[in-house]
Amino acid sequence: MKSEPDAFSIDDLRACPKGTDHWDGIRNYQARNFMRDEMKKGDLVFFYHSSCDVPGVAGIMKVVRESYPDFTALDPESRYFDPKSDPANPRWYMVDVKFERKFSHVVSLSELRERRSLKNMQLLQKGNRLSIMPVDRREWDTILKMTETK
DNA sequence: GCCAACGTTGGC
DNA sequence: GCCAACGTTGGC
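Going by the numbering used here, 9 is the number at position 13 of the first sequence; the sequence numbering is gapless.
Since the hints were derived computationally from the structure, they do not count as laboratory data. A few of these clues could be false.
Unchecked claim - Listed next, the in silico PhoX-like pairs over lysine-lysine satisfying Cα-Cα at most 20 Å (straight line):
{"hint": "1", "residue 1": "LYS58", "residue 2": "LYS98"}
{"hint": "2", "residue 1": "LYS141", "residue 2": "LYS58"}
{"hint": "3", "residue 1": "LYS94", "residue 2": "LYS(-2)"}
{"hint": "4", "residue 1": "LYS37", "residue 2": "LYS(-2)"}
{"hint": "5", "residue 1": "LYS(-2)", "residue 2": "LYS98"}
{"hint": "6", "residue 1": "LYS(-2)", "residue 2": "LYS58"}
{"hint": "7", "residue 1": "LYS115", "residue 2": "LYS94"}
{"hint": "8", "residue 1": "LYS(-2)", "residue 2": "LYS36"}
{"hint": "9", "residue 1": "LYS14", "residue 2": "LYS98"}
{"hint": "10", "residue 1": "LYS14", "residue 2": "LYS94"}
{"hint": "11", "residue 1": "LYS14", "residue 2": "LYS37"}
{"hint": "12", "residue 1": "LYS58", "residue 2": "LYS37"}
{"hint": "13", "residue 1": "LYS37", "residue 2": "LYS94"}
{"hint": "14", "residue 1": "LYS58", "residue 2": "LYS14"}
{"hint": "15", "residue 1": "LYS122", "residue 2": "LYS(-2)"}
{"hint": "16", "residue 1": "LYS(-2)", "residue 2": "LYS115"}
{"hint": "17", "residue 1": "LYS36", "residue 2": "LYS58"}
{"hint": "18", "residue 1": "LYS58", "residue 2": "LYS94"}
{"hint": "19", "residue 1": "LYS115", "residue 2": "LYS36"}
{"hint": "20", "residue 1": "LYS141", "residue 2": "LYS98"}
Said to hold, decoys possible - Here are the in silico distance ranges between beta carbons for each label pair:
{"hint": "21", "residue 1": "HIS101", "residue 2": "ARG23", "range": "30 to 36 Å"}
{"hint": "22", "residue 1": "LYS36", "residue 2": "ARG87", "range": "18 to 24 Å"}
{"hint": "23", "residue 1": "ASP132", "residue 2": "HIS18", "range": "24 to 30 Å"}
{"hint": "24", "residue 1": "ASP33", "residue 2": "LEU120", "range": "19 to 25 Å"}
{"hint": "25", "residue 1": "PRO65", "residue 2": "HIS101", "range": "32 to 38 Å"}
{"hint": "26", "residue 1": "VAL50", "residue 2": "ASP132", "range": "22 to 28 Å"}
{"hint": "27", "residue 1": "PRO13", "residue 2": "LYS80", "range": "29 to 35 Å"}
{"hint": "28", "residue 1": "ALA84", "residue 2": "ASP49", "range": "40 to 46 Å"}
{"hint": "29", "residue 1": "LEU120", "residue 2": "ASP71", "range": "32 to 38 Å"}
{"hint": "30", "residue 1": "SER113", "residue 2": "GLN26", "range": "22 to 28 Å"}
{"hint": "31", "residue 1": "ARG125", "residue 2": "ARG97", "range": "25 to 31 Å"}
{"hint": "32", "residue 1": "LYS141", "residue 2": "ASP71", "range": "41 to 47 Å"}
{"hint": "33", "residue 1": "LYS14", "residue 2": "ASP78", "range": "25 to 31 Å"}
{"hint": "34", "residue 1": "GLN118", "residue 2": "GLU96", "range": "20 to 26 Å"}
Even for Gly, the Cβ is constructed at its ideal location relative to N, Cα and C.
My request is simple: use the sequences and hints to build the entire structure.
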C-alpha cells in the first residue's frame, strides 16, 4: 500500500493509538477491489513511501480489520468526499491496518528495480499507478531479505 | 516543474 | 460504444 510520507508516513502510523489507523481515501476501483475482496485480517502488507526523496518500501503493517465502507466518502467536509457515493450502497471501502515494523533503511525503488527476481512485480511494471496491489510470496521474501543485507 | 501513463467524464 | 478532454499519480 502506497502513501506519500508528507501526508501519512509509516512513522505517522506508528504514532497512532495502538499503531492502528484506517486506510481511507482510496478512490480507484482496482485498488478498492483489492482491499474489499482480497485483504484478510492478519494479512501482512508492505508500507510504500511514494512521491518523496527515496521512494520505496519503508516497513510492514498488518490488516486488523477487513473492509468496511470508507466514511470519508460520505462526509462533505472531507477532502475525499464523493457526492456520487450512496450511503445505502457504498462505493468506497477501507481496511484498518496496524504498524508492525519499520525497516532500518527504506528498500528503495531503484534497489527493487536492480533485482532480476522482482522484474515481474506489479509495482515495477511500466505505467503502474495503483496505490494498492498484491505482492506474491517470493517477492515478499526477496524484499525482506533485502532489508537484512544493508 | 515536467511528463508518461493511466482512469474518468461526458458529448455524440 | 467511441473518443477527446481533463484530472491524477508518481518518478525523475
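Check each numbered hint from earlier against the structure, then list the numbers of those it violates in ascending order. Hints 7, 19 contradicted; others consistent.
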